[in-house]
Amino acid sequence: MATFEQVRQIVGDVLQLGDRTAKLEPETALLGNIPEFDSMAVVSVITALEDQLGIFVEDDDITGDTFETLANLTAFVQSKI
Amino acid sequence: MRSAFFLDGVAGSLFCIGALHARGEGQRRKILIVPPFAEEMNKSRHVLAALSEGLAAAGHDVLMLDLFGTGDSEGDFSEATLDIWRADLDTAIRCLDPQGNLELVGLRAGALLAADTVNRHEVKSLTLLHPLAEGRQQLTQMLRLRLAGGLMGEGKKETAAQLRQRLEQGECIEIAGYGLSGRLAQDLESLALKKNPPTCVAQVNWIELAAAADRPLMPASRSVIDAWRERGSAINSSVVVCDQFWATQEIARCPGVVRETMKYFAG
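If you read the sequences in order, they're chains A and B. Sequence positions in the first sequence follow our numbering and run -9 to 71. Sequence positions in the second sequence follow our numbering and run 529 to 795.
If you're looking for bench data, these hints aren't it; they were derived computationally from the structure. Any given hint could turn out to be false.
Stated by the list, open to error - Derived lysine-lysine pairs resembling DSS-like cross-links, with alpha carbons at most 30 Å apart:
# : chain 1 : residue 1 : chain 2 : residue 2
1 : A       : Lys70     : B       : Lys685
2 : B       : Lys722    : B       : Lys571
3 : A       : Lys70     : B       : Lys723
4 : B       : Lys723    : B       : Lys571
5 : B       : Lys571    : B       : Lys685
6 : A       : Lys70     : B       : Lys722
7 : B       : Lys571    : A       : Lys13
8 : B       : Lys791    : B       : Lys652
Every value quoted in this text rests on a predicted model; they were computed, and no experiment measured them.
Start from the sequences and build out the full structure, keeping to the hints where you can.
In structure tokens:
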């Protein structure tokens, strides 16, 4: 089971957030809130989740909601395992 | 002598940087470096430049080229095809001293292209830096970039299936400023490491980047390595701790990958 902690670490690593990674909370908004979260970052995060958690993401399952908050992203990942 | 110059490719001039010694001078390795393309090329340029400088400083002949339609070479990305790129790589190889052993290094999609090239030439070693196991992954990544753009913007929502269908119909789709042609999409789909074992290459070096040194190779890599070993390939693999510099927001340096690659070219 992918934990919130794993997803947070992957997002923090991909966006190179450094110390800011630990400050991400489940309700932290991602898209439109974290400046580093652009479309390239969305792609990098999905790819990193696939590589590191061994999941497979169907592109058409991804919506704006998926990346709204870290909790939403974690729930999305859990639905793929 | 280290220099930047253009070679005449089949479809246009090719920008190259290299350090080429006078022909027949001493016992040197001759190394061709194949970069990835699109945004990954921009992000990885300085790491590959550091690598080529390191290899040149060690006394080797080194050549790195921008494929047609990428980087500073002629042509638009939308005009590029696998056949042109194959011919470009052959052109670059002809420019190297015919004496001595040819060795190829490729990063990401460049590794796929390098692996595709080895069976057309006599190649002593093939070094793959965090290779894409399949061209399809590159295509998926490019389509995702376009879809991710759609998540943020207004406009009507597209699906991956729709984009793939448009490519299949031969349409060119713009992705983050790069025109992806239906032809190139199809070409990329045809590339896969597993089905193309480098059977004539004496040594394969596989370097992967990870967040920690104790991480195993990715499952997709493991599966290619196992398949190649079954076909008789001798493969070294190593994991280097480093950010994935071809995808980071900020330009990241990666001295570890340069050092690790240089090790394979020592002695």
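**Request:** Compare the structure with the hints numbered earlier in the document and write down the numbers of the violated ones, lowest to highest.
**Result:** Those not satisfied: there are none.
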